[in-house]
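S.K.: If you read the protein sequences in the order shown, they are chains D and F.
Quick note: numbering that gives the first Met the number 0 has the first sequence finishing at residue 460, numbered continuously throughout.
Quick note: numbering that gives the first Met the number 0 has the second sequence finishing at residue 140, numbered continuously throughout.
Among these hints, one or two may not hold up.
[Stated by the list, open to error] Derived list of chain D stretches under chain F, where covered just means 3 residues or more per stretch with a C-beta under 8 Å from a C-beta of chain F:
| id | region |
| --- | --- |
| 1 | 342-353 |
| 2 | 397-411 |
| 3 | 422-434 |
No lab work stands behind these hints, which were simulated from the structure alone.
Beta carbons are placed, not taken as given, at the ideal position from N, Cα and C, and that holds for glycine.
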Amino acid sequence: MTQGTPDGAPAAEGEPPDGGWQRLHPLTPLARVGRLAPALVFLLLVSTVHSKVENQTAETDYLVVITLGSALYGYVHWMVTRWRLEAGTLRIETGLIRKDSRRLPLGRIQAVDIVRPLLARLLGVSELRVRLAGSGSTDGRLAYLTATQAAELRLHLLAGRHQLDTPEAVGSSLPMAAVTLGRLLSSVLLSLVSIVLVGTVAVLATLDQFEPRTAKAVAGFLAVYLISFAGVVWRRLSGHYGFVAVEGPEGVRISRGLLQTISETVPYGRIQAVRQVQPLLWRPFGWCRLEVDVAGATARNQRGEGTSVVRKALLPVGSVSDARLLLGRLLGAPDPPRTGPPRRARLKAPLSFHFLSAGHDHRHAMCVTGRINRTTTWVQLDKTQSVRRVQGPLQRPLGLATVHVDVAGRRTRAEFRDRTVEEADRLVAELTAGSRSARRRRYAEVGNRSGKCSMERMPPV
Amino acid sequence: MRRAELGAVTVVLGSGLGLAFLAVLGPLAGLLALLSVVLLGAVAAWFVRRRFRAWRYHERHEDLVVARGVMVRRLSVVPYGRMQFVEVTAGPVERMFALSTVKLHTAAAASDARIPGLEQAEAARLRDRLAELGESMAAGM
Numbered sequence: 000m001t002q003g004t005p006d007g008a009p010a011a012e013g014e015p016p017d018g019g020w021q022r023l024h025p026l027t028p029l030a031r032v033g034r035l036a037p038a039l040v041f042l043l044l045v046s047t048v049h050s051k052v053e054n055q056t057a058e059t060d061y062l063v064v065i066t067l068g069s070a071l072y073g074y075v076h077w078m079v080t081r082w083r084l085e086a087g088t089l090r091i092e093t094g095l096i097r098k099d100s101r102r103l104p105l106g107r108i109q110a111v112d113i114v115r116p117l118l119a120r121l122l123g124v125s126e127l128r129v130r131l132a133g134s135g136s137t138d139g140r141l142a143y144l145t146a147t148q149a150a151e152l153r154l155h156l157l158a159g160r161h162q163l164d165t166p167e168a169v170g171s172s173l174p175m176a177a178v179t180l181g182r183l184l185s186s187v188l189l190s191l192v193s194i195v196l197v198g199t200v201a202v203l204a205t206l207d208q209f210e211p212r213t214a215k216a217v218a219g220f221l222a223v224y225l226i227s228f229a230g231v232v233w234r235r236l237s238g239h240y241g242f243v244a245v246e247g248p249e250g251v252r253i254s255r256g257l258l259q260t261i262s263e264t265v266p267y268g269r270i271q272a273v274r275q276v277q278p279l280l281w282r283p284f285g286w287c288r289l290e291v292d293v294a295g296a297t298a299r300n301q302r303g304e305g306t307s308v309v310r311k312a313l314l315p316v317g318s319v320s321d322a323r324l325l326l327g328r329l330l331g332a333p334d335p336p337r338t339g340p341p342r343r344a345r346l347k348a349p350l351s352f353h354f355l356s357a358g359h360d361h362r363h364a365m366c367v368t369g370r371i372n373r374t375t376t377w378v379q380l381d382k383t384q385s386v387r388r389v390q391g392p393l394q395r396p397l398g399l400a401t402v403h404v405d406v407a408g409r410r411t412r413a414e415f416r417d418r419t420v421e422e423a424d425r426l427v428a429e430l431t432a433g434s435r436s437a438r439r440r441r442y443a444e445v446g447n448r449s450g451k452c453s454m455e456r457m458p459p460v
Numbered sequence: 000m001r002r003a004e005l006g007a008v009t010v011v012l013g014s015g016l017g018l019a020f021l022a023v024l025g026p027l028a029g030l031l032a033l034l035s036v037v038l039l040g041a042v043a044a045w046f047v048r049r050r051f052r053a054w055r056y057h058e059r060h061e062d063l064v065v066a067r068g069v070m071v072r073r074l075s076v077v078p079y080g081r082m083q084f085v086e087v088t089a090g091p092v093e094r095m096f097a098l099s100t101v102k103l104h105t106a107a108a109a110s111d112a113r114i115p116g117l118e119q120a121e122a123a124r125l126r127d128r129l130a131e132l133g134e135s136m137a138a139g140m
């Protein structure tokens, strides 16, 4: 349970009358306590094993106390949480000792996600997460509402955001991409993690035939790593199971998940960079993965510098033509012509030279890097935060330099790697000017469209 | 600033080491130790001097350009409109010499616009100017 931010809220109808405070779903405390269940079971196992060894009796009293305590907390939390839709605002109030009252202006709502953990699905309830523009975290959370309520409220909130009268207009959408189970399975199996996992297990099994004692020792040593690798594989499978992306007016809507289903939105306006990754093992099948970096997406501590940026899979695995389609929708422009670095760059980058190339036009900069994972990155020039030219000690004797176009985030950028010094200088000038005019164009467009959208007026991201 | 710092460290280290060796091993070893420390200090001072000289900035009409580095040469162009905030810091040694460091923050962590060793008046001027420009650019966009 996240005690730090008491942000739950009450449940209600999609369009309640003014003044009508709503509560969350009555099953909320149960669903919340249920989230502790795996930890409790684990504790139970540990303490049972432990005390069996010690004195043949299991001490489980404190588990009962924990369960009762959290149930009480959940109940009180449910009692004091309420929400309502006021004129143009979603208001959420919660907290017994420390009151917390939030107003989420509908005009600034960036996205509304619906998350349904396994237990919540069994109970038929959903969690609604609301994100506002210009903030780095989840601003409002309504856990839990009934599934229909959540869907209705989501449409309502999004309709308010777009100042549309009919929620149905927001609901309409075009399918863009889906991932079949077979392809997901094979793509996960063809990833490095699974190969290492399967390989290690196979080696251990063989070793067990000849040297059982050594095999056991090694297995014990590697167990933690193997389990965590298996966890990664499982998370990839379950997280992207039944992946469907559809195009909505506010962004790409994604729904995915095996046990916990998630419906989330990648808003067009917040996309900083798009990345297409083609790992070595996928290339023979013509598969690739699409990722987007979204500014200020889900709750994540802001560590160090830079705005929090979250990387999301837009397409966990798909054919290159699927990716083309999605990219066309996202970027809305053909790829700029790319050029490679000069031949002498091979001395500095012997492996990645093969794919290295980059190019830009008045809207985007794109670059291809990497040898094993061929990675293509698109950056929108109107999002540029800075342009940098870096020349390392190896590049100087060769007369080469690298130009970076940074966008919000910790490591999000397009790199024009290993260009000649003259070209690098020219690129810095061109990219700076290009970013400036792209920014101007964008703000002019926004200004024409509406003066009311407060989100677009936020300068930083 | 760094040069002064380095000089002070060299003097202290050199005399300390020299005295210690003088006491333990006699005058010759003490002298040698002193010499080597001075030599090392000079080499370090040379590096610092090069680094110091390579550091420069330029306020252009719409962006700030900062260049630095000798081994790895870096040049950053940061548009004023993308600036999130300006930070002025002065550590204890910097304060001894009445200097400050101005740093520009943008939403990208990699944007590397730090200008160290500015005189305090200049740092304050730059800070105010950058803040003002940042505001007008952001509003103008």
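S.K.: Taking a Cβ-Cβ distance under 8 Å as contact, does the region 397-411 of chain D have three or more residues in contact with chain F?
M.R.: Our answer is that it holds, as 9 residues pass the Cβ test (under 8 Å) against chain F, meeting three.
S.K.: Check whether three or more residues of the region 422-434 of chain D sit with their beta carbon closer than 8 Å to a beta carbon of chain F.
M.R.: holds (count 3)
S.K.: Quick check: do three or more residues in the region 342-353 of chain D have a beta carbon closer than 8 Å to a beta carbon of chain F?
M.R.: n = 0 at 8 Å, threshold three: violated.
Checked against the numbered hints above, the structure violates only hint 1.
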